[in-house]
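Trainee: Spelled out from the first residue to the last, the chains are:
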Amino acid sequence: MTEDKIQDLLQNADRTLGPPVPVSVELSAIRGRARKRQLARLTTSLGAGVVLVALGFCALTAVDKSREREKIALLQIQIKQLQVRTNATVKLIEEVLENEQKQRRLNELQAQIINTPDPLEEVQQQVDKAAFILVYHADRLCQELNQTDSAIRTYNRVIEFFPKNRWAEVARQRLLEIKNKKRDKTSSEGDLLWKPQNTSSRC
Amino acid sequence: MAEINDDESLVKKFNQGDESVFERIVRQYSAEVAALANRLLGWPGEVEDVTQDVFLAAYLGLKKFRCQCSLKTWLFTITINKCRSYRYKCILRRRLTVARLHLGTTPTADRKLVDSETVERISRAIIGLPARYREPIVLRYLQELPTAEICQILGVTENALHVRLTRGRKRLRKELAELIEE
Numbered sequence: 001m002t003e004d005k006i007q008d009l010l011q012n013a014d015r016t017l018g019p020p021v022p023v024s025v026e027l028s029a030i031r032g033r034a035r036k037r038q039l040a041r042l043t044t045s046l047g048a049g050v051v052l053v054a055l056g057f058c059a060l061t062a063v064d065k066s067r068e069r070e071k072i073a074l075l076q077i078q079i080k081q082l083q084v085r086t087n088a089t090v091k092l093i094e095e096v097l098e099n100e101q102k103q104r105r106l107n108e109l110q111a112q113i114i115n116t117p118d119p120l121e122e123v124q125q126q127v128d129k130a131a132f133i134l135v136y137h138a139d140r141l142c143q144e145l146n147q148t149d150s151a152i153r154t155y156n157r158v159i160e161f162f163p164k165n166r167w168a169e170v171a172r173q174r175l176l177e178i179k180n181k182k183r184d185k186t187s188s189e190g191d192l193l194w195k196p197q198n199t200s201s202r203c
Numbered sequence: 204m205a206e207i208n209d210d211e212s213l214v215k216k217f218n219q220g221d222e223s224v225f226e227r228i229v230r231q232y233s234a235e236v237a238a239l240a241n242r243l244l245g246w247p248g249e250v251e252d253v254t255q256d257v258f259l260a261a262y263l264g265l266k267k268f269r270c271q272c273s274l275k276t277w278l279f280t281i282t283i284n285k286c287r288s289y290r291y292k293c294i295l296r297r298r299l300t301v302a303r304l305h306l307g308t309t310p311t312a313d314r315k316l317v318d319s320e321t322v323e324r325i326s327r328a329i330i331g332l333p334a335r336y337r338e339p340i341v342l343r344y345l346q347e348l349p350t351a352e353i354c355q356i357l358g359v360t361e362n363a364l365h366v367r368l369t370r371g372r373k374r375l376r377k378e379l380a381e382l383i384e385e
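Sequence lines, in order, name chains A and B.
Going left to right, the first sequence walks through residues 1 to 203 as this note's numbering numbers them.
Going left to right, the second sequence walks through residues 204 to 385 as this note's numbering numbers them.
Keep in mind the hints are simulated off the structure, nothing from the lab.
Be a bit skeptical, because a hint or two may be false.
[As the list claims (entries may be wrong)] Covered stretches of chain A, going by a simulated chain B footprint (3 or more residues, C-beta under 8 Å): (1) 7-13; (2) 17-23; (3) 33-41.
[Said to hold, decoys possible] Calculated cross-link-like contacts (lysine-lysine; reagent style DSS-like; alpha-carbon spacing at most 27 Å): (4) A:Lys5 / B:Lys377; (5) B:Lys215 / B:Lys266; (6) B:Lys373 / A:Lys36; (7) B:Lys377 / A:Lys36; (8) B:Lys215 / A:Lys36; (9) A:Lys36 / B:Lys292; (10) B:Lys373 / A:Lys5; (11) B:Lys266 / A:Lys36; (12) B:Lys216 / B:Lys275.
[Unchecked claim] Here are a few chain B residues that sit away from chain A, every Cβ distance over 10 Å (derived from the structure): (13) Asp209; (14) Leu213; (15) Gly220; (16) Pro247; (17) Ile281; (18) Lys292; (19) Cys293; (20) Ser326; (21) Gly331; (22) Leu357; (23) Asn362; (24) Val366; (25) Arg376.
Glycine residues also receive a C-beta, built at the ideal position from the N, C-alpha and C atoms.
Please construct the entire structure, taking both the sequences and the accompanying hints into account.
Mentor: Below is the structure:
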């Protein structure tokens, strides 16, 4: 019952709305569309083929590129290693040169040291000279100026300042001679036999 | 059976290169195909695009037609598929509105069997049905095709068809309760 009712309603609505606008299906139009579709399919297939070929080519190129990149990377590593070795060698050479320079400088300094006179010896010479001058001065005071007291003081200074010097020994001798001379003079009032030692030969 | 034999000879001729056969097929079935499309799409009035698509598909696929069913059944199957695609596209594009569907029809006063409001409600109800219920309903109650042919067109068993028809009717009863009670 309900089924019939539904069928009636639907059929009434269908009749009320009527048939669709008449459709004109032309064979030429359908042929044209069919050709277009076939062409589109063909184009799509060709396009896909081209894309695949391009992708393949790109992949091959990418492989080549990746190989080239690997080579470049290897070369870069080798260059870096060479640079490191070169730097090390240069550093070694610099060190060697520096050592050689130092050695040369050291030799020069040693030569200078060798050539430099011994300061102790120099001081000794100076001391010797000073003692001689004092003794010479005292001799002249005693012999030429007859200033025995001054001469005694000078000899004593030589003994005091340069006790171990040979001129100190000379000074002691002179003092002894002066002493002997004075004693002889007081005891015998004799001639003065004292003669000053020639010191000029030593100067 | 005679129809199938006739169809076979048509297809044979077409395969031999006689394209005038296709013109005959178009003349013979275009009205029915358009009517079915019109009903399946909720009476939009203009179904030229869908009909063109149906016959284009038929033109491209006629060489592969193996005559296991009648040409009409085959064309109706294509029509149903094209209508599904068309509806799907329309839904996607949000172009399918009830108002627009009704604008295409301008019924005359003498042909007016039910009022416009009722027609609109019926149309809404049919459009609102899912395809799996709408198609059997249209084929059964509007195209008035036999059960076996409907099964062949939809590719379902008789039981499945009955289940779909029952569920479709149930939905329509719910939608058109007032109209049915009157």
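Trainee: Which hints from the list above does the structure break, by number from lowest to highest?
Mentor: Failing hints, ascending: 6, 7, 16, 20, 25.
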